[in-house]
Every structure is written in C-alpha cells, then in structure tokens.
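Those sequence lines, one after another, are chains A and B. If you're matching positions, the first sequence starts at 66 in our numbering and goes up one per residue. If you're matching positions, the second sequence starts at 84 in our numbering and goes up one per residue.
Hints were generated in silico from the structure; no laboratory data involved. In this text the structure is predicted, and so the values were computed from the model without any measurement. The beta-carbon is built from N, C-alpha and C at its ideal position, and this holds for glycine as well. Errors might be hidden in some of the hints.
In silico EDC-like cross-links for lysine to aspartate or glutamate, where the CA-CA straight-line distance does not exceed 20 Å [to be verified]: (1) A/Lys282 to B/Glu237; (2) A/Lys174 to B/Asp238; (3) A/Lys196 to B/Glu439; (4) A/Lys282 to B/Glu534; (5) A/Lys196 to B/Glu254; (6) A/Lys174 to B/Asp456; (7) B/Lys442 to A/Asp148; (8) A/Lys175 to B/Glu564; (9) B/Lys300 to A/Glu205; (10) A/Lys174 to B/Glu453; (11) B/Lys452 to A/Asp199; (12) B/Lys343 to A/Glu90; (13) A/Lys208 to B/Glu534; (14) A/Lys208 to B/Glu439; (15) A/Lys196 to B/Glu381; (16) A/Lys175 to B/Glu183; (17) A/Lys175 to B/Glu381; (18) A/Lys174 to B/Glu644; (19) A/Lys174 to B/Glu254; (20) B/Lys452 to A/Glu178; (21) A/Lys196 to B/Glu237; (22) B/Lys343 to A/Glu205; (23) B/Lys364 to B/Glu381; (24) B/Lys441 to B/Glu534; (25) B/Lys441 to A/Glu205; (26) A/Lys208 to B/Glu563; (27) A/Lys196 to B/Glu534; (28) A/Lys208 to B/Glu381; (29) B/Lys250 to A/Glu178; (30) B/Lys250 to A/Asp168; (31) B/Lys262 to B/Glu599.
Below, a sample of chain A positions facing chain B; criterion: calculated Cβ distance under 8 Å [as the list claims (entries may be wrong)]: (32) Gly82; (33) Cys118; (34) Lys119; (35) Lys122; (36) Gly132; (37) Ala176; (38) Ile210.
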Amino acid sequence: MSYKAKFKIWRGDDQTGELHDYLIEVNEGEVVLDIIHRLQATHAPDLAVRWNCKAGKCGSCSAEINGRPKLLCMTRMSTFTEDEVITVTPLRAFPVIRDLVTDVSFNYKKAREIPSFTPPPGLGPGEYRMKQVDVERSQEFRKCIECFLCQDTCHVIRDHEENKESFAGPRFLMRIAELEMHPLDSADRVREAQDEHGLGYCNITKCCTEVCPEGIKITDNALIPMKERVADRKYDPIVWLGSKLFKREKA
Amino acid sequence: MSQVERHSYDVVVVGAGGAGLRAVIEARQRGLRVAVVCKSLFGKAHTVMAEGGCAASMGNANSNDNWQVHFRDTMRGGKFLNNWRMAELHAREAPDRVWELETYGALFDRTEDGRISQRNFGGHTYPRLAHVGDRTGLELIRTMQQKIVSLQQEDFAETGDYEARIKVFAEVTITELVKDDGRIAGAFGYYRETGRFVLFEAPAVVLATGGIGKSFKVTSNSWEYTGDGHALAMRAGATLINMEFVQFHPTGMVWPPSVKGILVTEGVRGDGGVLKNSEGKRFMFEYVPEVFKGQYAETEEEADRWYTDQENNRRTPDLLPRDEVARAINSEVKAGRGSPHGGVYLDIASRLPAEEIKKRLPSMYHQFKELADVDITAEPMEVGPTCHYVMGGIEVDPDTAAASVPGLFAAGECSGGMHGSNRLGGNSLSDLLVFGRRAGLGAASYVESLESRPTVSQSDVDAAAEMALSPFDPPAEGVEENPYTLQNELQQSMNDLVGIIRKSEEIERALEKLAEIRSRIRNVTVEGHRQFNPGWHLAIDLRNMLMVSECVARAALIRTESRGGHTRDDHPGLDAQWRNKLLVCSAKDDDPVVPGVEVTPKEQLPMRQDLIELFELPELEKYYTEDELGSHPGRTA
C-alpha cells in the first residue's frame with residue numbers, strides 16, 4: 066500500500082524562500098501532517114510546522130495545500146492520486162516566520178478588540194437559565210477551533226494588508242454574532258459590528274464557510290443575520306425615531 | 084554569555100491549559116501581575132482535547148447527587164489511594180467552579196428547565212458531567228481564554244495598556260526554574276519563534292504543564308506532553324508522587340496507524356454505546372471485579388433499562404472505571420476475540436438513531452468519518468487502550484497547591500494525589516478548575532506574605548542558557564545522536580515494557596534501556612539554527628521525557644501489587660498493605676543533564692473521621708487493613 070509521493074514544500078523565512086522538492090514514503094491511512102513529520106524525522110529535522118492535537122481539535126496546523134487553506138492533520142493522502150504533486154505552503158494572509166509557520170498575532174489582537182461577554186445584572190452564579198434551543202445558535206459558533214483558515218481565505222484581507230486595521234475578519238465578526246445571540250448577554254453589539262469591526266466589508270461570498278473545518282455556517286448563520294440586524298437598525302424609520310427619542314439598550 | 088530578555092512579574096504561570104488559565108484569573112483578581120507562558124499558541128493547550136465533560140455534583144439531572152456522593156465515587160475510582168483532602172475539596176467546590184464559568188460566558192448544554200445538563204460517565208453514580216456535546220474541553224479553554232481577554236480589557240480601560248496585569252507569552256518553553264536561597268526566583272526559557280532566551284523574574288511559579296503521555300508510543304496526548312513541569316519541579320528540588328499510576332484510556336482509535344491512540348470519548352458509552360468482541364458479545368459483564376460486585380448490572384436487559392430508569396436498575400459495566408475497562412479490552416484481544424486491527428468494537432450505531440448520534444457526538448462522527456472513513460451511525464468503531472493521563476505528579480499541599488519548594492505551586496495533571504491510582508472520566512476538567520483557582524490563590528498569598536523578593540543570579544542564567552544550547556555542539560567523542568531516534572526508542576520501550584500490563588523482568592529491561600538512552604542523550608546533536616527548530620525543541624524536551632519515564636518505571640518496579648493504573652502481571656491482586664503507601668520520587672544530585680531518580684515510600688495521613696464514615700464498613704474492608712479500621716463506628720458499635 067505504500068508509495069512515494071511528490072511534495073513541494075515552501076521553505077524560507079520572512080525575507081526569502083522557495084519551494085523545495087521532496088519524494089517521501091506514504092502509507093495507508095496517512096494524512097499530510099504524517100508526511101511532514103516523516104520528512105522532519107528523516108530528511109529535514111529543522112522543517113518548521115505548527116501542530117498539536119493531530120485530530121482536528123486545536124486548529125494549529127493550518128496551511129495551504131495546493132493553494133487551498135486546510136488543516137494538515139485532517140487532509141488525508143487518499144484524497145490525492147499517487148502521481149499528483151502536492152504543494153504545501155504557509156497561510157498567505159499572515160507574515161511568514163519560517164517554513165510553514167506564520168505570525169498569526171493579528172488574530173489575537175482582533176480578539177482583544179471585541180467587547181467581552183457582559184453578564185446580565187442581578188443574576189448570580191448558578192442562577193442562569195437558558196433553553197437549549199436558544200443556546201444552540203451561539204454554540205454553533207463556539208465550535209470554532211481558531212484555526213484562522215477563514216481569516217486566511219477572506220478576500221477582504223487576503224491580498225489587502227491595508228484592510229486589516231479596520232476589519233476583524235470572519236472569525237471575530239462571528240464572535241460578535243455569538244455574543245449578540247447569547248441569550249443572557251446584556252450588551253448591544255450591532256452598531257459596533259458595522260462601525261468598528263468592518264462588517265460592511267463582507268460581501269457574503271461564503272469563502273469562509275467553505276474552508277471552515279468545523280463546518281460552521283459562518284456566512285449564513287452569523288454574518289448575514291448580523292447584517293440584517295444592522296440594516297433593521299439603520300433603515301427602519303420607527304427604530305430610527307425610537308433611537309432618537311429613547312436610549313436603546315438592546316435590539 | 085547569551086543575550087536574555089528579562090521580565091519581572093509577581094506570578095509566572097507555566098502552562099496555558101485549563102489549570103494554568105484558571106490560576107491566572109485568580110492571581111490577577113487578587114491584583115497581582117501575572118505572566119502566562121504557553122508552550123503553543125494561546126488557546127491550543129491540551130485541554131481542548133477533553134471531550135466528555137466536567138464532573139460537578141450540581142444535581143441538575145438527579146437531585147440525589149451531592150458532594151459526598153462525588154467524593155465517594157472519586158475515592159472508589161482511585162482505589163482509596165487518593166489524597167482524601169484533595170478529593171474532598173474537589174467534590175465540594177466543583178459546582179461553584181462550573182457555575183462561575185457561565186458568568187464568564189460559557190454555554191453548556193441545557194436541561195428541559197434551562198439548567199446545565201449533566202451526562203453519565205464511568206464510575207459516577209449519577210449523571211454528573213456538565214458538557215457541550217463532545218467538545219467540553221474546547222468550551223472550557225475558550226471560556227477562560229475569553230475571560231482573560233476581558234480582564235485585559237478592564238486593565239486597558241483603567242491604564243491604557245492591555246498587558247498592564249496579564250501578559251500572554253505564546254510559544255515559549257520553560258527549560259529551567261531558578262532559585263535564590265532555596266526559594267523560587269524565576270523561570271528561564273526560549274521563544275520557539277526566534278530561539279531567543281527569556282528570563283522571568285518572579286517569586287512564585289505555578290506549574291500547570293499537563294502530563295507525560297509522549298513517553299509512550301500509543302497515546303492520546305500531543306507533542307507538548309513531555310512531562311516538563313514534572314521534571315522542572317524535580318530539578319528544583321520538589322517531589323513527585325504516584326508516578327507508577329498511568330491511565331490507559333480504554334477507547335482510543337486503533338486504525339488507521341497514523342491516528343492510532345487518538346481519543347474516542349467515554350461519552351459514547353455514557354450515551355448508550357456498548358463494547359463488543361469479535362463474536363458480537365458484550366463482554367464487560369464478565370469483567371466486574373470483586374470490589375465492584377453488586378454495584379453494576381448483571382444482565383444486558385438490566386443494563387439497558389438503567390439508561391432510562393436509574394432508580395431501579397444498576398448501571399452497565401461498560402461504564403466501570405477506565406482501568407477496569409482498559410484491562411478487559413486488553414484481555415479480550417489477547418484471547419483472540421479482538422477486531423481486525425487489534426481492538427474491540429464500540430457500537431453506538433445499533434443503539435441510537437443516526438440523527439441523535441450526530442447531535443450528541445458530533446466530533447466523534449466527524450473524526451471517524453474524516454480520519455478512518457467509518458460512519459459511526461452505521462457501523463461500530465474499532466477501539467483499544469491508549470495512554471491518556473498520568474495520575475502521578477508534583478506533591479502539593481491540598482489547600483494551597485504549594486509544592487515543597489517555597490514559591491513553587493502546581494495544579495492540574497502535573498500535580499499528584501487527587502486521583503489516587505486511577506482518575507474518573509470528567510474529574511480532570513473539574514480538577515483543573517478547582518485546583519487551578521487554589522494554585523492562583525496560594526501563589527498570591529505567598530507573594531503577598533514575602534518581606535523581600537528573591538533575586539536571580541547571573542551564573543544560574545548562564546548555566547541554563549548553556550544547557551539549552553548544548554544540542555547544537557557536536558559531541559567531543561562518540562557518535563552524534565538524532566533526537567527523533569532517541570524519542571522513538573524511548574516511546575517504544577515504555578509502551579512495550581511499562582505499559583498497561585507490567586512485570587518485573589520487563590520493567591527492569593525498560594530501566595536498562597532508559598540508562599542506555601541517558602548515556603546517549605548528551606550526544607544528541609541538532610542541525611540548523613535557533614529559529615523555530617523542532618529538532619532542537621525535541622532535544623530539550625527529551626531530558627524531561629527521560630526523567631519522568633524513569634520515575635514511572637522505578638515506582639512501577641517497587642509497587643508489588645495491582646491497583647488502578649498500575650497492573651502487575653506478577654502481582655495481580657490489590658494488597659491492603661500498599662493502599663496507604665505513596666512512592667515519592669526525587670532527583671539525585673548526580674547528573675545536571677538528566678538527574679537520576681530516587682524513590683522513597685511514605686505513609687499518607689489517615690482519612691478524617693467524618694469522611695471515612697461516609698463509607699460502609701464492608702466496602703472499606705475490601706481496601707483497608709484490619710488495623711486501619713479499628714475506629715470506624717461500624718467496628719466500635
């Protein structure tokens with residue numbers, strides 16, 4: 066069952082780099098990360114790659130395989146033909162540190178800009194009551210393993226460094242949606258999503274949903290509903306009048 | 084002399100899994116400045132792998148549950164070798180720790196009336212595990228990560244600096260603890276990204292580095308689990324206990340080879356999945372051990388009724404504690420009744436409708452579909468034991484999590500005592516919340532009580548830097564060793580010779596092999612430079628792996644009985660004389676690269692009277708010696 070596969074792997078640092086050719090053994094049932102590990106143990110002990118759980122749960126081994134954002138640990142070798150050349154490159158939207166490892170600190174910076182869960186006043190620990198059907202909407206978004214593939218693929222920032230300042234990216238716009246839909250969160254997040262975190266940049270091409278290894282419907286279930294809430298708030302004349310007359314707490 | 088970046092903090096927390104993050108939150112809330120050091124990126128720690136749930140006797144699913152029942156279950160699971168004070172604190176405080184997470188924004192699955200839903204798990208009398216499908220660990224770590232962000236936002240609002248009180252150092256590995264006059268003075272390490280050195284000057288260090296599973300070939304643990312905290316503590320003069328007790332989770336994936344060992348949650352069995360051998364027989368009924376006789380169902384019919392009516396039926400033996408189930412699977416495979424790839428079958432497909440399986444066990448569905456091409460809603464899984472958790476760890480004071488070295492604290496998997504000889508599923512997430520918080524408090528109180536701060540001497544820093552860089556220098560004599568080869572040999576020996584079933588000749592062979600690896604380790608040579616170089620990182624981790632492996636093997640050789648996560652083929656029974664004995668590991672002064680390990684037996688404090696009275700005498704008689712039971716009211720009456 067074993068064969069030699071042709072790999073092209075990008076090696077380099079923040080200054081320069083290029084694709085290196087490798088011919089590596091592949092066995093039944095293996096994933097791309099296994100091949101990278103074999104390469105480390107035999108040909109290239111200093112090949113840099115991030116990984117942890119090897120089970121699609123931690124979101125560390127994000128890279129691009131044949132140009133598509135993927136988790137290395139969840140991409141089975143059986144999805145390629147034996148004579149196919151497999152090209153592995155680092156995430157394109159983030160600066161390279163070395164080889165397949167990129168600097169993803171942009172994401173942690175954005176995470177810090179999203180206002181946190183705001184507990185409901187008057188409810189103590191142990192007093193929270195929520196219906197399963199109501200928590201499920203936010204639970205879908207909390208499946209996120211922060212692999213940042215959605216951030217990598219999103220065309221707003223993939224080739225537009227200049228948009229990074231004013232755009233949180235699908236992962237963190239989804240975080241806002243998650244808090245907005247949390248049954249007991251008491252903050253208003255709609256206007257801020259639009260004005261501070263760049264929801265308006267998203268033109269719902271659904272690329273983020275396509276690459277999500279957790280199968281979260283980021284666009285349909287998080288981003289579009291947020292856009293609708295923004296639109297309701299902005300264009301509904303009664304809401305508009307209300308917002309002029311009373312200070313609104315929550316949509 | 085190497086260049087070293089320096090930082091000064093009140094508390095340094097090493098490890099950013101559940102225990103570490105909970106300690107950070109607590110120390111920060113006491114007003115201290117805290118550094119949190121993650122071996123990986125923030126939010127990627129091994130806690131994300133926990134699937135089934137977090138045990139806490141909230142009584143939402145069965146109102147008969149309370150801390151006493153949880154305490155009893157925990158002591159039984161650990162075969163009464165647990166540190167009873169830790170087990171007591173854990174059972175008492177777990178519900179508050181879970182409820183607190185809701186105020187941080189956690190979203191657990193709900194009961195009909197809107198409270199936190201609780202699920203069945205091995206060894207727990209009542210449904211007790213707060214959970215989110217089968218990704219509970221992810222929920223815990225994300226919740227605490229986000230709580231830390233919210234505290235940083237508070238600090239930003241107050242000072243204009245997010246990092247005024249908490250700073251996260253991602254992808255930093257600590258290689259040595261530094262002391263001053265017997266007290267902790269700081270921690271030394273390197274950035275993975277650049278290979279540059281960093282020194283944290285701090286009077287208190289909380290170790291929350293997790294386990295040692297990477298010392299075994301088949302494991303559910305990631306590359307990070309190299310026993311760093313265990314080894315750092317020993318080299319700093321602290322002691323480890325219970326290192327012979329290693330938990331082999333009964334259900335890991337066995338096929339394909341590249342995913343062998345990856346965890347299949349106990350939640351599968353909690354939700355109705357059953358174990359079968361190649362003859363289609365539910366074999367667990369044959370494996371209820373003497374100490375648990377009468378507590379588990381004896382027929383399939385009763386076991387099946389128990390899922391819906393727990394008052395009138397006993398639980399299925401599929402949910403015996405993990406050590407029992409792992410041994411049973413091992414025996415079935417040995418007897419030739421295993422599955423094609425050397426495991427047994429775990430069947431949920433014939434027990435629940437497909438939609439229900441996908442809803443309750445989404446990541447298991449996904450994992451098998453993606454990695455093994457198996458649809459668990461249509462066919463059984465193949466599973467077998469995998470090294471999962473180490474019960475042993477740093478010996479700590481139960482109330483403050485303080486180790487024997489002043490200024491050193493430990494919580495979570497790298498601490499020892501709480502779980503005795505075997506941990507119940509669901510008790511690790513609650514452990515890390517309860518003792519993570521206590522370690523944060525303990526460290527804060529310690530720092531506040533200090534009259535003078537320790538200082539770090541330059542010679543210690545230089546020595547640590549020199550040690551870390553030594554793999555780049557080719558050996559003066561002998562052949563150069565490849566760190567990957569040595570790691571592989573170590574994993575294979577531990578797996579084969581000190582694994583799930585042990586005997587003295589094999590353990591002795593393992594010790595010979597470890598001695599050989601020790602002699603070769605100083606010849607480990609790595610290529611390339613310091614920037615994100617995995618070969619170099621492994622060379623450094625290997626020292627720790629070797630040290631903890633030696634602890635496991637030495638203690639396993641000395642304990643001539645079988646108990647929990649320690650099974651001796653040549654001493655198959657429980658021995659009451661051993662119940663109260665701890666094997667304490669400490670580092671010798673012989674070799675700075677990898678110090679030798681010394682093991683000394685020690686008696687535990689007898690259980691407090693009110694706690695021992697929570698058990699009936701006939702049950703205690705199965706575990707205790709006659710002399711120990713003299714004062715039990717059942718005896719004195």
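Next on the checklist: Against the 20 Å threshold, does the CA-CA distance of A/Lys196 and B/Glu254 hold or violate the hint?
Outcome noted: Measuring from Cα to Cα gives roughly 39 Å; hence the hint is violated.
Checklist entry - Does B/Glu534 lie within 20 Å of A/Lys196 when you go C-alpha to C-alpha? => result Violated, at about 52 Å.
Checklist entry - Would the stated hint for A/Gly132 survive a check requiring a Cβ distance to chain B of less than 8 Å? => result violated (21 Å)
Checklist entry - With 8 Å as the cut and Cβ atoms as the points, is A/Lys119 at the interface with chain B? => result holds (7 Å)
Next on the checklist: Hint check: A/Lys174 vs B/Asp456, CA-CA at most 20 Å. Holds or violated?
Outcome noted: Violated. A/Lys174 to B/Asp456 sits at ~38 Å, over the 20 Å cutoff.
Next on the checklist: Does the closest beta carbon of chain B sit nearer than 8 Å to the beta carbon of A/Cys118?
Outcome noted: holds (5 Å)
Item to check | Hinted pair B/Lys441 and B/Glu534, Cα distance within 20 Å | outcome: violated (58 Å)
Next on the checklist: Hint check: B/Lys250 vs A/Asp168, CA-CA at most 20 Å. Holds or violated?
Outcome noted: holds (18 Å)
Next on the checklist: For a C-alpha distance cap of 20 Å, please report whether A/Lys208 and B/Glu563 respect it.
Outcome noted: Not satisfied, since the Cα-Cα distance of roughly 45 Å exceeds 20 Å.
Checklist entry - Would the pair B/Lys343 and A/Glu205 pass a check requiring their Cα atoms to be no farther apart than 20 Å? => result violated (29 Å)
Item to check | 20 Å limit on alpha-carbon distance, applied to hinted pair A/Lys196 and B/Glu439 | outcome: holds (18 Å)
Checklist entry - When you check the alpha-carbon spacing of B/Lys452 and A/Asp199, does it fall within 20 Å? => result violated (29 Å)
Hints 1, 4, 5, 6, 7, 8, 9, 10, 11, 13, 15, 16, 17, 18, 20, 21, 22, 24, 26, 27, 28, 31, 32, 36, counting from the list given before, are not met by this structure.
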